[in-house]
Amino acid sequence: MNAGVTPIKTAAETALAEAFAQARERLPGDDAVTAQRDVAFGVFARQGLPHRRVEEWKYTDLRALMREAKPLAAPPDAAAKAQAKSASALVGDVETRRLAFVDGAFVAELSDLKNLEQGLTVGSLAQALADGDPVLTAHLGKLAPSGDVAVALNTALMGDGAVIHIAAGATIERPLHLSFVASAKPAATFVRSLIVVERSARAMVIESHEGPPAADYQANAAIELFVGDQAHVDHVKLVGEGAEALHVSTLAAAIGARARFNSFSFVVGGAVVRNQLFLNFDGEATVAGIRSATLIKGRQHADTTLVANHIAAGCQSREVFKAVLDDEAHGVFQGRIIVRPHAQKTDAKMMTQALLLSERAEADNKPELEIFADDVQCGHGATAGALDDELKFYLMARGIPAAEAEALLIQAFLGEAIEGIEHAGLREALMDRVAAWLKARAS
Amino acid sequence: MALLEIKNLHVEIDGKEILKGLDLTVNAGEVHAIMGPNGSGKSTLAYVLAGKEDYTRTAGEVLFNGKNLFDMAPDERAAAGMFLAFQYPLEIPGVATMTFLRTALNAQRKKRGDAELSTPEFIKRVRDLAGKLGIDQDMLRRAVNVGFSGGEKKRNEILQMALLEPRLAVLDETDSGLDIDALKIVADGVNSLRSPQRSFVVITHYQRLLSYIVPDIVHVLSGGRIVKTGGKELALELEARGYAEYQEEAAA
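Protein chains in written order, with the working numbering: chain A, 955 to 1397; chain B, 17 to 268.
Hints were generated in silico from the structure; no laboratory data involved. Check each hint, because a few of them may be wrong.
As the list claims (entries may be wrong) - Subject to a maximum C-alpha distance of 25 Å in a straight line, what follows is the list of computed DSS-like cross-link-like pairs (lysine-lysine):
| # | chain 1 | residue 1 | chain 2 | residue 2 |
| --- | --- | --- | --- | --- |
| 1 | B | LYS36 | B | LYS23 |
| 2 | A | LYS1346 | B | LYS23 |
| 3 | A | LYS1393 | B | LYS127 |
In isolation and in its complexed conformation, chain B is listed as follows (with noise of 0.2 Å):
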């Protein structure tokens, strides 16, 4: 059985149809990359996968391990296994990191019928896991994300996906706004994670981050519909070409 199954999905936001007829199966220990210019609807995806209010959707329908995903609210859905790392995380003042942590860890593990994780050991977790993805104390001891640069906030998302251990991540442009040093400690928290039980959606503009994160497959998105699926290849394919091929056909 397939982890993701995506069938013709049409979703609108404001009335403005944004994916129009989407397929994607995504199987246990995957990972796909999907590419595609800007405004294709990459982000879109993530979004709804994750659960976002604000879209619509028209058709189709989302599988998400054999149950329909739209009959689960956003955090049912991480309970589930969804972990959306965001392309722009937010701050959020006046709410410690460690107690966003552990309140998002104990509540995943409550709704699963797991025991909550005593307080050494879940410092002890997270402590592990902060210092391979080169995050310090001080970073933990702050409101999430307050202050954290740019760089910073997307290796928190990476630590919150190692601690929650997701069955499906899905990347939404992990990669922008940072240098090669913390592109590299992303890939590797990535790659620590790949597992025959886990699978990853990595959602990018640029192959640069491929490099790192070797995808199994690649999909083009564009006009809010997969237009061509490929090997690793065609990652390299489309970094020389462009996206120019895959927006006439879309439009057509």
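Chain A extracted, bound-state conformation (with noise of 0.2 Å):
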């Protein structure tokens, strides 16, 4: 009798395993990267998709939400790459430098590399794996988390991705706009990038991950970003995936001394996602604004989840994490800050806010503390509740009518979050989009 326990793998789990021992020998770099992958395969194939006993996890069980695993994409065609002109709707008319990836692989076509910049460097993951770039070697798998399953998934598939580098002291005005299409087809991509911001740089990185409507597929996005001394990143995410779509996307980033970071995330479409941050604040005088605005509806599933280590003295950290929930929507926010025993000094600040518009949408938020300096200000908030009536009733009162009134309110609620993106462009295109998800609603 086999008195060992034979850990059940569910039809995704056999699924992964599979695509990864078929895609292993030509999925891109030499046998350090491919040994890099093995490893990164094997964190997988100890813990399986995490679950809701996993408490990292509790509220977005990847093993239930997550039947069945689609075959890698293959290299998109005319069509998609045509279909993916088009796309990207949610920067609106911002002026961005685009670098655009159909079903996970870069399309030169669509992007503009023209006239980049001085100090800075943009190419492909695939091209720098397949050159051995040594900013790449020097970078890569250094920042993510190696035990989180979603990242070891992406470690040990990655395809393709963004590469960017921008030299010390370089200021980069036009937004870098990564844009991430999925095309029509059920498959999964796994993409991954590396921005190397040097010291005393300027950088806007725009992040969006979009598709069709109809289509089933799963995207896991993971970025590694490094922000040098005294540099200055604004980084957006802008989650508009397809109803259909589940979307896994990490960042994990390292901040340098005096620098400012802010970090924005706008979740409105796929049916599950997780969205995870993962910030080091490793130089001392940090000043960094980590925000969110989550507008869900129907049956979706959103996590938002930020761990947030400050490390090194002084910094200061302003978190705010807005949900709007309807139907019978799921909002997840999972926020931990830690302040290390060097971190002296610390002023973090988080706050999260849900705002339910159904009586079963469902609101989970979990902020954390930990706590290792004597000398710090730190504090965190978590409401979740209706729309005041009683605000509701004054603008009905002046005569606004009630659907209205909601949307002005709700504009106002996440309004707060959004306001904190600098740019003034992607601010009215984000405002412009919560409006007409207001539309929607009230037609």
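Put the two chains together into one complex; each comes in its own frame, and the hints tell you how they fit.
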């Protein structure tokens, strides 16, 4: 009799193992990269898909939510590229330098690679892996938490992505736009990007994730971002995936001293979304603003999980997370601020607020503070509730119809987070997107 | 035809009866003052007219311009010309004052079949009115009532009233929390809107406001009913003698 416990693999876990076995040889990179992939896959093989008994994934039971694993996406054909041309509605009229990825593969002809600013280098991950790019070798996998299964799968199966380097002191005026577009095929993509912003440089990076409404694709995207001392980086993630899509994405950032760092996540699309942020404040006296706005309805599920790790002293971070949940939507926020023993004078404040527009909507908020230093200012707050009837009555008493009154209040609620975006054009584009969502809700 | 006709109105909240057979008729162009002790039902009357949901009407009717008021949602009442100046105006973080004013005005105009005002026209109108009420441009740029003092909030209510040009304005203790200068500004704002077509119901605890907004008719509300009606001299009488005799009468 066999006394050992044989873990029962789900169909999705089995399919992922098969996909890795088949793709392992043809995925880009030298032997060292393949070894890195093997190690990462081993993490997944041991843990399986995370489920509700894994604390970090308690509210997003990926094992239950991911019934099957889609096959790895094939390189995009002409039709897929043509379709991707018109995408990226989320950024509105904002003038960006677009780097296009269709079904997880870099598409040069849809990208704007002309007249790169002084100090800016951009390329594709597939190419950098094939070339053995030293910047890539020095940084890849150094930041993303290797024990996280979503990251492990990304590392094991990464096919393409962006590799961006910004030289010390360079100011890149035009926002860089990593535009990830899925075509109509039910496929899985694993994109991995690396962004290195050297000392005193300035840049804005927008990543958008979009796809057609009826396609049940699976997207796993990860970015490793290095922010040098005194650099100023604005990061914006726009999740506008199709209504059937499963989206798991990770930002892992290391932020240097006296830097400014802002990250904003906007989640409006996707059937299941897990948005992970792992931030290390490695240098002193950095100022950071981490915000998000989530707008979901139907049976959408959106999870934002943040770990802000204050390692160095004197940093200030402000975290504001807002979610509007309609119908049977399920919003999750898990935010952990860790203050390490040397991170004295840390000033960290986190607020998470959920607005429930329906009695069947659900919000789970889990803010946590872990403080190992003794001279810090840290706080967190969490609220979940319905629209304020008194405010609604006040607006209606002035002649504003109920639906419009609610829309005004919802816009005001999210506006508090969206106003944290420094780029005025993008701020407006997102407020327009919120207005469109509210209009669709009212009709 | 009376602009507002309240007949035998009974209203309760959480099972407790507040208005117990209230009758009141307001004709076009009249200014009525409603005075009364605390807890007599003054604010309840104001909220019921504006359409607040928490109240239940158990008997009686209210006709506004000949139409059943209870058939109309609060926004429909506003578009039909009802305006309530709140005793405690609410703060609405994130909603800019100008956006709020424009949304309200255009919603009402749309419902009445009028064209929306152009942006320059709207801005000019708000600025002119704000200037008269001593509301500076900085206040208009802020979120609705956020960071406003008590007096500023009350002036903002009057600004809304002046912009929306209602048929009937109900002022719920608009004088509370105002110093004498602010009181005069508010009263001037109200007086400048008086016209043969427009009526006012001024709810107040004290006579003071009525020295500046001189009413045509004064009512005493006590125990959920109008217990006495008279001319403007009644307000002075109440100031001198208090409400004690009316409270006994209501209790009897």
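How the hints compare with the structure:
Our distance criterion of 25 Å between C-alpha atoms is met by LYS36 (chain B) and LYS23 (chain B), whose separation comes to about 11 Å. With a C-alpha separation of about 28 Å, the suggested pairing of LYS1346 (chain A) with LYS23 (chain B) is violated against the 25 Å cut-off. At most 25 Å may separate the alpha-carbon atoms for a hinted pair to count; LYS1393 (chain A) and LYS127 (chain B) meet this at roughly 19 Å.
When held up to the earlier numbered hints, the structure conflicts with hint 2 and nothing else.
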